[in-house]
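**Student:** Listed here are the chains, written in short residue letters.
2 protein chains.
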Amino acid sequence: MASINDVSRLAQVSKATVSRVLSGSRGVTEQSRDAVLRAAEILNYKPNAIAQSLSSQTTHCIGVICATEHIQQATGYLQALEKQLRLHQKHLLLRFANNSSAVAQACGELSTGLCDAIMVVGARFPLPEAAQQAVLIDCLDASGEQQVGIDYEFASQTATHYLLTQQRRKIALFNFYPGEAADQVLQGYCSALESMALPFNRQLVIAGESSASVALQGLINRHIAFDALLVTDYYQGLEVAELLKRYQRAVPQEVMVFSLDGSAAIFGQPHLPLIAYPLETLAQRAIKLLSGGASDFPLLRGNLLTPY
Amino acid sequence: MASINDVSRLAQVSKATVSRVLSGSRGVTEQSRDAVLRAAEILNYKPNAIAQSLSSQTTHCIGVICATEHIQQATGYLQALEKQLRLHQKHLLLRFANNSSAVAQACGELSTGLCDAIMVVGARFPLPEAAQQAVLIDCLDASGEQQVGIDYEFASQTATHYLLTQQRRKIALFNFYPGEAADQVLQGYCSALESMALPFNRQLVIAGESSASVALQGLINRHIAFDALLVTDYYQGLEVAELLKRYQRAVPQEVMVFSLDGSAAIFGQPHLPLIAYPLETLAQRAIKLLSGGASDFPLLRGNLLTPY
DNA sequence: CTGTTAGCGCGTTCAG
DNA sequence: CTGAACGCGCTAACAG
Numbered sequence: 001m002a003s004i005n006d007v008s009r010l011a012q013v014s015k016a017t018v019s020r021v022l023s024g025s026r027g028v029t030e031q032s033r034d035a036v037l038r039a040a041e042i043l044n045y046k047p048n049a050i051a052q053s054l055s056s057q058t059t060h061c062i063g064v065i066c067a068t069e070h071i072q073q074a075t076g077y078l079q080a081l082e083k084q085l086r087l088h089q090k091h092l093l094l095r096f097a098n099n100s101s102a103v104a105q106a107c108g109e110l111s112t113g114l115c116d117a118i119m120v121v122g123a124r125f126p127l128p129e130a131a132q133q134a135v136l137i138d139c140l141d142a143s144g145e146q147q148v149g150i151d152y153e154f155a156s157q158t159a160t161h162y163l164l165t166q167q168r169r170k171i172a173l174f175n176f177y178p179g180e181a182a183d184q185v186l187q188g189y190c191s192a193l194e195s196m197a198l199p200f201n202r203q204l205v206i207a208g209e210s211s212a213s214v215a216l217q218g219l220i221n222r223h224i225a226f227d228a229l230l231v232t233d234y235y236q237g238l239e240v241a242e243l244l245k246r247y248q249r250a251v252p253q254e255v256m257v258f259s260l261d262g263s264a265a266i267f268g269q270p271h272l273p274l275i276a277y278p279l280e281t282l283a284q285r286a287i288k289l290l291s292g293g294a295s296d297f298p299l300l301r302g303n304l305l306t307p308y
Numbered sequence: 001m002a003s004i005n006d007v008s009r010l011a012q013v014s015k016a017t018v019s020r021v022l023s024g025s026r027g028v029t030e031q032s033r034d035a036v037l038r039a040a041e042i043l044n045y046k047p048n049a050i051a052q053s054l055s056s057q058t059t060h061c062i063g064v065i066c067a068t069e070h071i072q073q074a075t076g077y078l079q080a081l082e083k084q085l086r087l088h089q090k091h092l093l094l095r096f097a098n099n100s101s102a103v104a105q106a107c108g109e110l111s112t113g114l115c116d117a118i119m120v121v122g123a124r125f126p127l128p129e130a131a132q133q134a135v136l137i138d139c140l141d142a143s144g145e146q147q148v149g150i151d152y153e154f155a156s157q158t159a160t161h162y163l164l165t166q167q168r169r170k171i172a173l174f175n176f177y178p179g180e181a182a183d184q185v186l187q188g189y190c191s192a193l194e195s196m197a198l199p200f201n202r203q204l205v206i207a208g209e210s211s212a213s214v215a216l217q218g219l220i221n222r223h224i225a226f227d228a229l230l231v232t233d234y235y236q237g238l239e240v241a242e243l244l245k246r247y248q249r250a251v252p253q254e255v256m257v258f259s260l261d262g263s264a265a266i267f268g269q270p271h272l273p274l275i276a277y278p279l280e281t282l283a284q285r286a287i288k289l290l291s292g293g294a295s296d297f298p299l300l301r302g303n304l305l306t307p308y
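Residue numbers (my numbering), protein chains in the order written: chain A, 1 to 308; chain B, 1 to 308.
Incorrect hints may have been included.
Given that identical chains are not distinguished, each listed pair holds provided it fits within a single copy or across any two copies.
[Said to hold, decoys possible] Computed list of lysine-lysine pairs in DSSO-like fashion (alpha-carbon distance at most 30 Å, straight line):
1. Lys288 <-> Lys46
2. Lys46 <-> Lys90
3. Lys15 <-> Lys90
4. Lys83 <-> Lys170
5. Lys90 <-> Lys288
6. Lys170 <-> Lys90
Simulated from the structure, these hints should not be mistaken for laboratory data.
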């Protein structure tokens, strides 16, 4: 690979001039400029990004730690983030991690000067201290300073209202692991019930179960009646829908399954009703945070999407 | 961020000694070693990756260009690749691109010394010249030197055989855009038919249509009878299955949909029969190629997976 | 306007 | 075993 020295030699000018021409080409003779450009063209010269980084102390690389357990969720986020980062001339350094210590390790390995910043996306578990500095996107444990949050209270309220309009009265809720986000979801769920003057049945709420399938089994084992299931992500929704069929419970006729997070509404029509978030907006906010913009975004609200 | 100078100062030794201790700590007094380690600990010193890269002319970064049109497909690949790369202490620089010129641009922007190598994954379109040097993974236009290919002939043969055992005799094939891969698929399809002494119906093969849905519409418009659909990827399969239902054709009773590429068998049971590839193997081969290992892998063969 | 010089942080000689 | 010195490729400050 040709270096700046090769170009300066061929163009008969100094390295500095070459640098000037290719960076902020101001204050350079047209003659020198041409010579440099021609030489660069001939040698197919591209400034070495590493050297530029060392000199400028900025790499244009953003470390993105995908902390989503269901990897499929990650895709939507990744695609949106990559697009926005690309538009801002930044590179996306990808890393998967689905528990606290893996995130910690990823943070460590990315904090060696390689990245200008780190983002953690979609974590459903408590975050390590190492992630405090990171931009948190749709993370439940939003202890960091900079974050793009999602309005889960609004989502669960919308979802519950929708289910009520569908004549469902025994809505089971499989909530996040206990924490602020779970409280918000519960809050929205309760508000919706209250607004219709309906009683709250504690037995229908299950929090912190390892998976929605397990939660569902528990519900069934305990012979608790339900005609709707509110789950926290789309893939859990598909999972329980599948399981329900095996229990001979028709979906959605007998039991309606609703997902609070459907950033993954992929191929045309969704199979389950869900709340879908505008990923582009999410990504744009993330970029704004990186650029040091204001961090006082309102929680992001999604749209109700239903099959048919 | 503390630099090597800070450490050397605090430890009362020279930079060289610090470097020695933290790299190949051989030939250093235990005393100096301790002093350095302690100082590094205190300062929370991490060698600057960029400086190391500049010096060593190697970044440990691998550029991965995801060229999959259906982004969902990418996820499986990405997860597998990231894992293997991580195990080899390499970073994954992600880029999406779904046409030839986007791939070319991505290659250009990643070939500035930032990456040690570039991989292109899942391209279903002709690749630009710029990608010749890259490691090609499941790319149809495998004009490059280093590649991890998939045995599509084997896949389509398996698929066709399976459909035949399901008493399907009018199997429509929605093939890749014309090219070597499409030929292989067609070859496998024909072999399977021949082995059962069945005739080949040219009208049932559609190649290079923009999407499987469009191809399906064409088939229906022309009143061509079919009882099975062989498509090239899982999401197209879901798409046509959905469309078939709208045409009142029961899936899989009346029409069975089969996908040749199901790296995306995600949540437990698949909804459609498919050929699923061992992504871990795929990723391991990719890494081997990066390490300069032999590039004479046999085409990768997948497994038949069916619902229930 | 241009060339020279001095770092950026690190690895690696090469003498001592 | 250790430290001083050089180079990786580039940018920025400083003289001409």
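**Student:** Under the constraints set out in the numbered hints, which ones does this structure not fulfil?
**Tutor:** 4, 6
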